[in-house]
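Peer 1: Sequence:
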Amino acid sequence: MHYAYIGLGNLGANCAACLLRAGFELTVFDLNRAAADPLIEAGAQWADSAADAAARADHVITCLPSPAVTEKVLAQILPVMKPGATWIEMSTLGRDDVLAFAKIAEASGIRMLELPVTGGVHLAARGEITMLPGGDKELVDLHWKAFEAMGNRIFHMGPLGSSSIIKVITNMLAFIHLKACSEALMLAKRGGLDLGQAWHAIQASSGNSFVHETEGALILNGSYDIAFDIDLALKDLGFALGFGKEFGVPLDLASMTNQTYVAAKAAYGGKAQSPMIAKLLEDLLGTDLRAPGFPARLE
Numbered sequence: 001m002h003y004a005y006i007g008l009g010n011l012g013a014n015c016a017a018c019l020l021r022a023g024f025e026l027t028v029f030d031l032n033r034a035a036a037d038p039l040i041e042a043g044a045q046w047a048d049s050a051a052d053a054a055a056r057a058d059h060v061i062t063c064l065p066s067p068a069v070t071e072k073v074l075a076q077i078l079p080v081m082k083p084g085a086t087w088i089e090m091s092t093l094g095r096d097d098v099l100a101f102a103k104i105a106e107a108s109g110i111r112m113l114e115l116p117v118t119g120g121v122h123l124a125a126r127g128e129i130t131m132l133p134g135g136d137k138e139l140v141d142l143h144w145k146a147f148e149a150m151g152n153r154i155f156h157m158g159p160l161g162s163s164s165i166i167k168v169i170t171n172m173l174a175f176i177h178l179k180a181c182s183e184a185l186m187l188a189k190r191g192g193l194d195l196g197q198a199w200h201a202i203q204a205s206s207g208n209s210f211v212h213e214t215e216g217a218l219i220l221n222g223s224y225d226i227a228f229d230i231d232l233a234l235k236d237l238g239f240a241l242g243f244g245k246e247f248g249v250p251l252d253l254a255s256m257t258n259q260t261y262v263a264a265k266a267a268y269g270g271k272a273q274s275p276m277i278a279k280l281l282e283d284l285l286g287t288d289l290r291a292p293g294f295p296a297r298l299e
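Per our numbering, the sequence shown starts with residue 1, numbered consecutively.
Simulated from the structure, these hints should not be mistaken for laboratory data.
Computed from a prediction, not measured in an experiment: that's the story for all the values here.
Errors might be hidden in some of the hints.
In silico lysine-lysine, BS3-like type, Cα no more than 25 Å apart, as pairs [as the list claims (entries may be wrong)]:
id, residue 1, residue 2
1, 82, 145
2, 145, 179
3, 265, 235
4, 245, 265
5, 72, 82
6, 245, 179
7, 245, 235
8, 245, 279
9, 235, 279
10, 137, 179
11, 279, 179
12, 179, 82
13, 103, 82
14, 82, 137
15, 265, 279
16, 271, 72
17, 235, 103
18, 179, 265
19, 137, 103
20, 72, 235
Pairwise CB distance ranges (calculated) [to be verified]:
id, residue 1, residue 2, range
21, 180, 84, 46 to 54 Å
22, 205, 248, 33 to 41 Å
23, 169, 103, 18 to 26 Å
24, 244, 76, 45 to 53 Å
25, 262, 82, 41 to 49 Å
26, 1, 103, 50 to 58 Å
27, 32, 96, 26 to 34 Å
28, 187, 84, 38 to 46 Å
29, 191, 283, 16 to 24 Å
30, 158, 248, 16 to 24 Å
31, 248, 106, 29 to 37 Å
32, 223, 263, 16 to 24 Å
33, 75, 223, 47 to 55 Å
34, 194, 103, 29 to 37 Å
A virtual CB, placed ideally from N, CA and C, is assigned to each residue, including glycine.
Construct the entire structure; sequences and hints are all you get.
Peer 2: Okay, here's the thing in C-alpha cells:
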C-alpha cells in the first residue's frame with residue numbers, strides 16, 4: 001500500500017519513518033524540504049507539493065498544525081486523490097472540524113479517518129505511540145497494519161468525531177498533571193529535599209504520573225524540550241473548555257490550567273515549550289528546579 005504523508009513536523013516525521021521501516025511505499029511533502037531529507041535517504045519519495053504527493057499515492061495521511069492549515073491542504077489534495085482513497089488526518093482537531101472536513105471529503109468521493117495520537121514524540125520515534133482512530137470500522141481495519149507500524153496501542157474510539165473528544169481529554173489531563181508536577185517539585189525544592197531523590201520517590205509513589213516521568217525529568221534538566229509548544233497547549237485546552245460548555249461539565253482544573261498557560265505565553269511566547277509553565281513558578285520564587293542526571297530530550 002502506498003501512502004502519501006503530508007506534514008513532517010516533530011510528530012509527522014517520526015510516524016512517517018515508522019511506515020518506511022515497516023516496508024510501506026511512501027511519498028512525503030512538507031513546506032520545509034529539509035524535514036524530509038532523512039526520510040528520502042531512508043527510501044521515501046519526495047513530492048513537490050501536497051497535491052503531487054496525493055496524486056501518486058493510494059491513500060493520504062496528513063499531520064498539520066491547525067484546522068486552518070488542514071482546510072488549505074484538503075483543498076489541494078481532494079481533486080487529485082484516487083477514487084476510493086482514504087484521507088487519514090492525524091492532527092488534533094475539534095469534533096466539529098472533523099465532521100465538517102469529512103463532509104467536504106465525502107463530496108469528492110473520499111472517505112476520512114481521524115487518527116489523533118498520544119504519548120509524546122519520543123514514543124512516536126520508537127513506533128510506540130498510542131493511536132486513537134475514529135471512523136468506519138472497515139476503514140480502520142483496512143489501515144490497521146499502518147497503524148501498527150506507527151503505534152503499539154490502538155483504540156478504535158467509534159464514529160468520526162469520537163477520537164477528537166478523547167484526544168482533547170488526554171491532553172487536558174496531561175496539562176493539568178504538568179501544573180501539579182511543577183508545584184510538587186517546587187514544594188520539594190523549597191522544603192530542602194534533594195530534588196533528584198524527590199523525583200524518584202514520587203515516581204515510586206501513588207502520586208506518580210506519565211507526565212511526572214517524562215516532562216518532570218525535562219524540567220529538572222532545564223531544557224523543558226518536549227517538542228510541544230504553549231500555543232498548541234492553549235489550542236487543545238480551548239477545545240476541552242468548549243466541550244465542557246457543550247456537555248455541561250464544569251472544568252475547574254482545566255480552566256485554572258488554561259490561565260497558567262496564558263500567563264506562560266505572555267512571559268515566554270507561544271512557541272516556548274509547554275513544560276515552561278514550571279518556569280513561571282521558578283521565576284516567581286527565584287528558585288530553579290535543576291537536578292543532575294536528567295535528560296535534555298526524551299529518547
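Peer 1: When the structure is checked against the list of hints, which entries are broken? Sort them ascending.
Peer 2: 2, 8, 10, 12, 24, 26, 28, 33 and 34
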